[in-house]
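Going letter by letter, the sequence shown gives residues -8 to 161 in the numbering used here.
Any given hint could be a false lead.
Quick list of simulated restraints, FRET-style, between CB atoms [stated by the list, open to error]:
(1) G136 / L116: 27 to 35 Å
(2) L80 / L128: 36 to 44 Å
(3) G136 / G34: 47 to 55 Å
(4) A31 / D89: 25 to 33 Å
(5) L80 / G16: 19 to 27 Å
(6) S85 / L107: 40 to 48 Å
(7) S99 / S64: 46 to 54 Å
(8) V92 / E29: 31 to 39 Å
Simulated from the structure, these hints should not be mistaken for lab results. Cβ atoms here follow ideal geometry from the backbone N, Cα and C, with glycine treated the same way.
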Amino acid sequence: MSTTFAATHRSPSPALVEDAILHAGARDALKAQIARIEAATVGLVAEAHPLALDLAPLQPGPPRLMSLGQLESRRDALALRLEDARAQLTTVRSRQDDARVQIELMLSDPKSYRWLRVSRDDLGLPGCGHWHVRPRLGLIGMLAGWWHVKISSGCPLICDSGKRRALTVL
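All chains should be modelled from the sequences, with the hints used to inform the complete structure.
Next comes the structure, spelled out in structure tokens:
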């Protein structure tokens, strides 16, 4: 058994080495694309913070070295997930902008928007207040056409910030 190392192990062919280098470059490019898409998704979720976006979970799977096809499918799934999150955020922001316009219209001409109510939740604001077009002086105001926008201050039991401030000062 005096065979030498060179006799038992052959060096890989140049075509295999070149193919491995190309695969490594493609793998690195796909990993960089996946990282950019994940960073954009994280940024979008952070931007929409009080709002919980409904993102489809990805199948985690065990730790492994992914093939090029698996990396491509992972990148495509993440890209679809990011576009879905953007569409959700655009829809919600559009509804919030419509609610802001509705409040401006209510304030400018309350008589045209009788009994309309817009909540803080419709605007994407925390708390439980609302803007409500109501008659001034109840039934008399309703018959006389005296309408105004009543702005609710919210729930007093939930937002008792005076006690919290007193505790934090001590």
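> What hint numbers does the structure not satisfy?
Replying inline: Hint check: 5 and 6 fail, others pass.
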